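**Q** Listed here are the chains, written in short residue letters.
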Amino acid sequence: MGYRAKFEVWRGDSSGEGALQPFEVDVNEGEVVLDIVHRLQATQAGDLAVRWNCKAGKCGSCSAEVNGRPRLMCMTRMSTFDEHETVTITPLRTFPVIRDLVTDVDFNYVKAREIPSFAPPEDLAPGEYRMSQIDVERPQEFRKCIECYLCQNTCHAVRDHEENKEEFAGPRYLMRVSELDMHPLDVRDRKDAAQEDHGLGYCNITKCCTEVCPEHIKITDNALIPMKERVVDTKYDPLVWLGRKIFKREDLEARHATGRRSLDDAGPGNGSPLPADSIGPVGG
Amino acid sequence: MADEADGTAVSHHSYDVLVIGAGGAGLRAAIEARMRGKRVAILSKSLFGKAHTVMAEGGIAASMGNANPRDNWEVHYRDTMRGGKFLNNWRMAELHAKEAPQRVWELETYGALFDRTPEGKISQRNFGGHQFPRLAHVGDRTGLELIRTLQQKIVSLQQEDHARTGDYESDLKVFHEFTVTELFKDGDRIAGAFGYRRPTGEYLCFHAPAVVLATGGIGKSFKVTSNSWEYTGDGHALALRAGARLINMEFVQFHPTGMVWPPSVKGILVTESVRGDGGVLKNSEGERFMFRYIPDVFREQYATSEDEGDRWYDDADNNRRPPELLPRDEVARAINNEVKEGRGSPAGGVYLDIASRRTTEFIRKRLPSMYHQFKELADVDITAEPMEVGPTCHYVMGGVEVDPDTASTVVPGLFAAGEVAGGMHGSNRLGGNSLSDLLVFGCRAGAGAADYLDGLGTAPAVGNEAVDAALAEAEKPFSVRGEENAYTLHQELQQTMNDLVGIIRRADEMEMALKRLAELRDRIPRVGVTGGRAYNPGWHLAMDLRNMLMVSQCIAMAALERQESRGGHTRDDYPAMDENWRRELLNCSLADGPDGPEVQLNHQPQPAMRPDLFDLFELDELKKYYTGDELGGHRADRGM
Amino acid sequence: MTTTAHDPGAPSPDNPGRADIRARTLRRDRWWLAPLVNALGLATFVVYATIRSFWGSAYYVPEYHYLSPFYSPCFSASCVPGSSHFGAFLPAFPPWIPLAILSLPFLLGFRLTCYYYRKSYYRAFWMSPPACAVSEPHGKYTGETRFPLILQNAHRYFFYVAFLISLINTYDMVVAFQSDAPDGSSRFGIGLGNIILLANVIGLWLYTLSCHSCRHVTGGRLKHFSRHPVRYRIWTAISSLNTRHMLFAWITIGTLILTDLYIMLVASGTISDLRIVN
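Residue numbers (numbering that gives the first Met the number 0), protein chains in the order written: chain A, 0 to 283; chain B, 0 to 639; chain C, 0 to 277.
Calculated from the structure, these hints are not laboratory results.
Since this is a predicted model, take the numbers as computed values, not measurements.
You may find that some hints are simply not true.
[As the list claims (entries may be wrong)] Ranges between beta-carbon positions, derived for each pair:
id: 1; chain 1: B; residue 1: A471; chain 2: A; residue 2: Q20; range: 30 to 40 Å
id: 2; chain 1: A; residue 1: E84; chain 2: B; residue 2: D314; range: 38 to 48 Å
id: 3; chain 1: C; residue 1: V160; chain 2: A; residue 2: G242; range: 19 to 29 Å
id: 4; chain 1: A; residue 1: D81; chain 2: C; residue 2: A33; range: 15 to 25 Å
id: 5; chain 1: A; residue 1: E84; chain 2: B; residue 2: S355; range: 36 to 46 Å
id: 6; chain 1: C; residue 1: A33; chain 2: B; residue 2: P524; range: 52 to 62 Å
id: 7; chain 1: B; residue 1: G531; chain 2: A; residue 2: L19; range: 12 to 22 Å
id: 8; chain 1: B; residue 1: P524; chain 2: C; residue 2: W31; range: 53 to 63 Å
id: 9; chain 1: B; residue 1: E360; chain 2: C; residue 2: Y47; range: 53 to 63 Å
id: 10; chain 1: C; residue 1: R232; chain 2: B; residue 2: G36; range: 45 to 55 Å
id: 11; chain 1: B; residue 1: R522; chain 2: C; residue 2: A33; range: 53 to 63 Å
id: 12; chain 1: A; residue 1: G242; chain 2: B; residue 2: G36; range: 38 to 48 Å
id: 13; chain 1: C; residue 1: I275; chain 2: A; residue 2: E84; range: 34 to 44 Å
id: 14; chain 1: B; residue 1: D402; chain 2: A; residue 2: T233; range: 51 to 61 Å
[Said to hold, decoys possible] No more than 25 Å apart at the CA atoms, straight line, and that leaves these computed lysine-lysine pairs for DSS-like:
id: 15; chain 1: A; residue 1: K217; chain 2: C; residue 2: K222
id: 16; chain 1: A; residue 1: K143; chain 2: B; residue 2: K374
id: 17; chain 1: A; residue 1: K244; chain 2: A; residue 2: K164
id: 18; chain 1: A; residue 1: K164; chain 2: C; residue 2: K118
id: 19; chain 1: A; residue 1: K217; chain 2: B; residue 2: K364
id: 20; chain 1: A; residue 1: K217; chain 2: A; residue 2: K143
id: 21; chain 1: A; residue 1: K217; chain 2: B; residue 2: K374
id: 22; chain 1: B; residue 1: K281; chain 2: B; residue 2: K265
id: 23; chain 1: C; residue 1: K222; chain 2: B; residue 2: K120
id: 24; chain 1: A; residue 1: K143; chain 2: B; residue 2: K364
id: 25; chain 1: A; residue 1: K190; chain 2: C; residue 2: K118
id: 26; chain 1: C; residue 1: K222; chain 2: A; residue 2: K190
id: 27; chain 1: A; residue 1: K190; chain 2: A; residue 2: K244
id: 28; chain 1: C; residue 1: K118; chain 2: A; residue 2: K217
id: 29; chain 1: A; residue 1: K164; chain 2: C; residue 2: K139
id: 30; chain 1: A; residue 1: K234; chain 2: C; residue 2: K222
id: 31; chain 1: C; residue 1: K118; chain 2: A; residue 2: K234
id: 32; chain 1: B; residue 1: K265; chain 2: A; residue 2: K164
id: 33; chain 1: B; residue 1: K222; chain 2: B; residue 2: K265
id: 34; chain 1: A; residue 1: K110; chain 2: A; residue 2: K143
Yeah, the Cβ is synthetic: ideal placement off N, Cα and C, and Gly gets one too.
Here chain A stands alone, though its shape is the one from the complex (with noise of 0.2 Å):
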């Protein structure tokens, strides 16, 4: 069953300078991209460097450009590929590389860090949390997100524009202040903040993370466009925008009052209470 495939793969450090190098090297029934760059590592290039983790589609870590394609490589499957075809691996090209297949994916740790938190009413105790299946299912689907950066990768506002990584906080990141702003007991409102300081804006919904996703998630449909219409609501309705110019105070102290909620109360708290020995019957 198995053949002997034709691959390229980039071989570059972190300078940004490298070429596709081509290798022969066989392919068995069954087998995954990823299948084949760890037998090169095996085989013919010790050094060659990739990053994976579960080899199950679940963690999203060894997303990389086959063919062109934004892909994960344990996800993509031989099969998919003619036997005389020239498969070329390359890294993402929206991150700085740092070594062969391996990029530098910081980017998107500082993103995550700009969208505030979740914020639930100060009032409600652990285990006092109640919310309905057809409320969480929406942002569930968000929660889906295995942060493989494809879509952060895909789109064309920071792939063709590295000059937007500081407004754009990219579809993966929007998609999160759009879950926030589903969630059933999220009490901050996320929408000016979504426009003015993750730059929904820079969406012009062509949908290339919708399609690169491998967990298909509806990004543009189900978070990026209904947040955009959530923004319309506040800032882009004539009525709302009306009434803000005229009642323009307490509108802002009363999102005040409930969007600022935990960055305010800064420092650590106590910890968790360990109730071991407080919840059942226990002692000699």
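Please arrange chains B and C on chain A, whose structure you already have, making use of the hints.
**A** For chains B and C alone, coordinates are given in the frame of chain A:
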């Protein structure tokens, strides 16, 4: 020897607490230590948020009683002890059963979104070995929810620090893609750690009086495993080298259902939820063979006919559960036996069938990632055809011996939580008890480390010679004129453990394994690597191999010594469970040998259960595990 | 989206440390096909609709009451007798003003700001990007953050108007089931034109109701579906239509052209309507 020019400069960093590992246990420990006011660094081998915890599918076991109000911590405690065949550390099992609900509810305050019951509470599902529906879950991606929630809580704490100090990382910093190669001590006490950044190969020395090990398991020592590359037993080996002990290393859980086809994905997990949600196991003759494999100790709790088993899904109170939901060790052995006796599937597994029992819609809703996994990796539509599955190395019950309440080891300042810690699960872990273990003992380890710091007198210091020695050890593979290839040695190690210390064990095979491991021990120092320090997987593997070898030796030695079958340890030559062995724990430590430190095996007594916990069981059940003289203290004897 | 000339093949100093891969894309599939087909399809529609809107004749078939959607509603005194279903209260228009001047700008706006068409024309005409992982030929990109593209946020207001126009189109479709009897009275009748009008109206409703703004205002804006069970059901139904919004967008381009073309041919006497009943 540290030098800028040749890239071996070492940078120094000081923290209160170092958490090694960024899975569920590590992140929970870091959160706890930070919330108790400590400066914390998290050292993660992979990217932040990619830890192996994401692979957990089924759920988090916690007796919240949302699905069945009869559930409580006592029932959970009993299930856990039964699952572990009474070899569990009873105090850990008690703390775990009591605190799991609190730890799960806490996740909701961090933003977790579990599936809900009609009343809006956290939904709970059935799982092997659990008497009631107990697993809080999100479809079949609960581990991802857990890791993402904890990750986002870390970010939230960083935002609070940022609001105060202007720096997100002032008091809680994640060093991801970082491998720890050595722990430092000052006298008896932990003083810090040494390691390298995987992307660049830079060396870092951490000065910290408390270290929490949360490195997970050892699965990469086996060929067929559901574990990812990170699972090389780093924490186990670091603990050994620092002077701590490992217990229960002979108990390795083989998950009954891993994928068996195609070959390249062999071992990848098929969640137990498939069976919890109605999937059944069939052999090549179409028989639901599990009915033939119900062991005596479980006979009263499991259905004996297919009809009763099927009724249980709708009416659990009046029917007994189907035997597909026996603890994992039983199911794994049964599958192994079916295949051995020639009733296996073409690829050498058995059939797991949910397609003929549930609607397409139900399957896609309840098991989305399984659907996805089989569709994309095996081109199998699980709503239309059965899956082929077989046992895969999944979890090590053994690990670092810890104090249950504080997660501290015998080395002052060294803590361990999660899979790397031993004792909690005894000889076999129940599904769903892992995620709760991570949270309960992660939290306790963080609190334990914080308390330790509060009571610490003078801070320990890292010696310069120790740093130089650690650096020299890490640099070694570059200077060796390598005649050995790290990848080849790794494959040999995996093959050895898989074939000779696998799911069914025999004395002669394990002796052979120990011999081969001894040979590998001689060869591993001769591994040389090509290329530089920047993201060099050959070098990374060469460093990890030492750890895998050390834990493999522990497993093989302990497995050879324990002459009985119990939980995750099955001896062909000693097929029965022996109540005398229930009192014995085996521990591994390092002792000086002629060629450097060697693994040493010792016996230690299993601590006796506290009487009130002992009384939670019926005497008839205890008789199956305990010898006569131990049963004296039971309430039945006191006329209660 | 302002542009400056830019050679996508040249190494960019703005991209520190990225892998230096000069090719615009390494994709080998026919990624250019979809934008090309989109461009041709949209261009055909725009050209056809423009010509027909200014054509000013052959838009109404008096004996069967067929009115082209490009001329509905017809409020001007210039409209042919019978085509003003709601009265002709506007004066006569000069020939350079389309007779449906009150509806066409909104319909155009509705489609221009539509979340699907935006994707389609940004990719096909503006090449921003032409396809996923293919560089766009622009040096600078600001998306929809500033004028004029910030106006795309007005989509929902166009939706409201389009909803009303769909009602008008529906009325037009219904009255067309009345055909003139030989004695001059009205009677029920069905011809091929009715079926085409009906198909067009169904298509228009599917397109209009599956709109993302409609999905938002009916239920998507809610945080708690559980407190609004009726709106949740409406949202669920619209969400399932919404997944096919692209399909409906193209279907209605087809049915609009077909409807207008058929009516034009019948009205101009080029062909006669195929009658089924009366």
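**Q** Look at each hint and say if it fits the structure.
**A** Consistency of the hints with the structure:
1. B:A471 x A:Q20: 30 to 40 Å: 33 Å, holds
2. A:E84 x B:D314: 38 to 48 Å: Between A:E84 and B:D314, where Cβ atoms are some 56 Å apart, the hint is violated.
3. C:V160 x A:G242: 19 to 29 Å: Holds, since C:V160 and A:G242 (Cβ atoms, about 23 Å apart) stay within the stated range.
4. A:D81 x C:A33: 15 to 25 Å: 22 Å, holds
5. A:E84 x B:S355: 36 to 46 Å: Given a distance of about 39 Å, which is inside 36 to 46 Å, the answer is holds.
6. C:A33 x B:P524: 52 to 62 Å: With a Cβ separation near 57 Å, C:A33 and B:P524 satisfy 52 to 62 Å, so the hint holds.
7. B:G531 x A:L19: 12 to 22 Å: 20 Å, holds
8. B:P524 x C:W31: 53 to 63 Å: Since B:P524 and C:W31 have Cβ atoms about 56 Å apart, the given range 53 to 63 Å holds.
9. B:E360 x C:Y47: 53 to 63 Å: Violated: the Cβ-Cβ distance is about 43 Å, outside 53 to 63 Å.
10. C:R232 x B:G36: 45 to 55 Å: 50 Å, holds
11. B:R522 x C:A33: 53 to 63 Å: The hinted range 53 to 63 Å holds for B:R522 and C:A33, with Cβ atoms some 55 Å apart.
12. A:G242 x B:G36: 38 to 48 Å: Since the Cβ atoms of A:G242 and B:G36 sit about 45 Å apart, the hinted range of 38 to 48 Å holds.
13. C:I275 x A:E84: 34 to 44 Å: Violated - the Cβ-Cβ distance for C:I275 and A:E84, about 55 Å, lies outside 34 to 44 Å.
14. B:D402 x A:T233: 51 to 61 Å: The hinted range 51 to 61 Å holds for B:D402 and A:T233, with Cβ atoms some 54 Å apart.
15. A:K217 x C:K222: Roughly 19 Å separates the two Cα atoms, so the pair holds.
16. A:K143 x B:K374: Roughly 17 Å separates the two Cα atoms, so the pair holds.
17. A:K244 x A:K164: 32 Å, violated
18. A:K164 x C:K118: At roughly 22 Å apart (the allowed maximum being 25 Å), C:K118 and A:K164 satisfy the hint.
19. A:K217 x B:K364: Distance ~16 Å between A:K217 and B:K364 Cα, so the pair holds.
20. A:K217 x A:K143: 11 Å, holds
21. A:K217 x B:K374: Satisfied, since the Cα-Cα distance of roughly 19 Å is no more than 25 Å.
22. B:K281 x B:K265: Given that 25 Å is the threshold and the Cα spacing comes to 19 Å, the pair holds.
23. C:K222 x B:K120: 18 Å, holds
24. A:K143 x B:K364: 13 Å, holds
25. A:K190 x C:K118: 23 Å, holds
26. C:K222 x A:K190: Given that 25 Å is the threshold and the Cα spacing comes to 13 Å, the pair holds.
27. A:K190 x A:K244: 17 Å, holds
28. C:K118 x A:K217: Holds, because 15 Å separates the two Cα atoms, which is no more than 25 Å.
29. A:K164 x C:K139: Distance ~13 Å between A:K164 and C:K139 Cα, so the pair holds.
30. A:K234 x C:K222: Satisfied, since the Cα-Cα distance of roughly 18 Å is no more than 25 Å.
31. C:K118 x A:K234: 23 Å, holds
32. B:K265 x A:K164: 40 Å, violated
33. B:K222 x B:K265: Holds, at roughly 9 Å.
34. A:K110 x A:K143: At roughly 19 Å apart (the allowed maximum being 25 Å), A:K143 and A:K110 satisfy the hint.
Checked against the numbered hints above, the structure violates hints 2, 9, 13, 17, 32; every other hint is satisfied.
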